[in-house]
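J.: Sequence:
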Amino acid sequence: MMLLRGLALWSGIMLVETLHGIARARFLAPRVGDRRSRQIGVFTGSLLIFVITLALIPWVGATRFSELLLLGLIWTVLTVAFEIVLGRLMFHMSWKRIWADFDLREGGLMSLGLLVMLLSPWIAAKIRHLV
Numbered sequence: 497m498m499l500l501r502g503l504a505l506w507s508g509i510m511l512v513e514t515l516h517g518i519a520r521a522r523f524l525a526p527r528v529g530d531r532r533s534r535q536i537g538v539f540t541g542s543l544l545i546f547v548i549t550l551a552l553i554p555w556v557g558a559t560r561f562s563e564l565l566l567l568g569l570i571w572t573v574l575t576v577a578f579e580i581v582l583g584r585l586m587f588h589m590s591w592k593r594i595w596a597d598f599d600l601r602e603g604g605l606m607s608l609g610l611l612v613m614l615l616s617p618w619i620a621a622k623i624r625h626l627v
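If you use the numbering used here, the sequence shown corresponds to residues 497 to 627, in order.
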């Protein structure tokens with residue numbers, strides 16, 4: 497049950513992140529450029545991920561460190577897969593362009609967002625005194 501609820505929460509997070517990405521591309525990118533808007537979006541998206549996780553982590557039912565870390569790991573792997581599929585199939589991005597978002601040396605900050613994704617269940621549970 498915990499994993500199913502965790503997957504449901506991840507799905508909700510991805511819906512919010514997709515809407516966040518659409519809004520970022522529509523309103524922020526024309527003002528600061530695509531690359532800079534994607535960098536800013538990592539921070540605002542990470543905040544959204546954490547706030548949603550903080551609000552809903554009790555519903556998931558995970559209370560042990562190992563469960564929370566597993567949940568974060570599953571979310572992270574699914575998010576990488578989601579980003580790759582979206583980039584390749586929907587936006588026809590090259591592999592180089594996709595990996596640039598993850599590469600800190602290229603100015604891509606997605607790796608930082610994935611770190612937030614990985615640790616959010618555990619940190620949120622700690623703050624909520626569930627662990």
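Treat the hints with care, as some may be off.
[Said to hold, decoys possible] Computed Cβ-Cβ distance ranges for the label pairs, DEER-style:
#1 Leu-565 <-> Gly-529: 31 to 41 Å
#2 Met-497 <-> Trp-591: 29 to 39 Å
#3 Thr-559 <-> Ser-590: 17 to 27 Å
#4 Leu-600 <-> Ile-518: 20 to 30 Å
#5 His-588 <-> Thr-559: 35 to 45 Å
#6 Gly-529 <-> Arg-501: 12 to 22 Å
#7 Val-581 <-> Glu-602: 12 to 22 Å
The hints are simulated quantities; they were obtained by calculation from the structure and are not laboratory data. Computed from a predicted structure; not experimentally measured. Glycine included, each C-beta is placed from N, C-alpha and C at the ideal position.
J.: A separate judgement is required for each hint: does it hold in the structure or not?
T.: To see whether the hints hold, each was checked on the structure:
1. For Leu-565 paired with Gly-529, a C-beta distance near 36 Å keeps the hint of 31 to 41 Å intact.
2. A hinted range of 29 to 39 Å holds for the C-beta pair Met-497 and Trp-591, which are about 37 Å apart.
3. At about 43 Å, the beta-carbon gap between Thr-559 and Ser-590 misses the expected band of 17 to 27 Å.
4. Here the CB-CB span from Leu-600 to Ile-518 is close to 25 Å, well matched to the stated 20 to 30 Å.
5. Between His-588 and Thr-559 the C-beta distance comes to about 43 Å, which sits within the given range of 35 to 45 Å.
6. Range check, Gly-529 to Arg-501: Cβ separation about 39 Å, and the 12 to 22 Å hint is violated.
7. Distance hint check: the CB atoms of Val-581 and Glu-602 are about 21 Å apart, consistent with the given range 12 to 22 Å.
The earlier numbered hints that this structure contradicts are 3 and 6.
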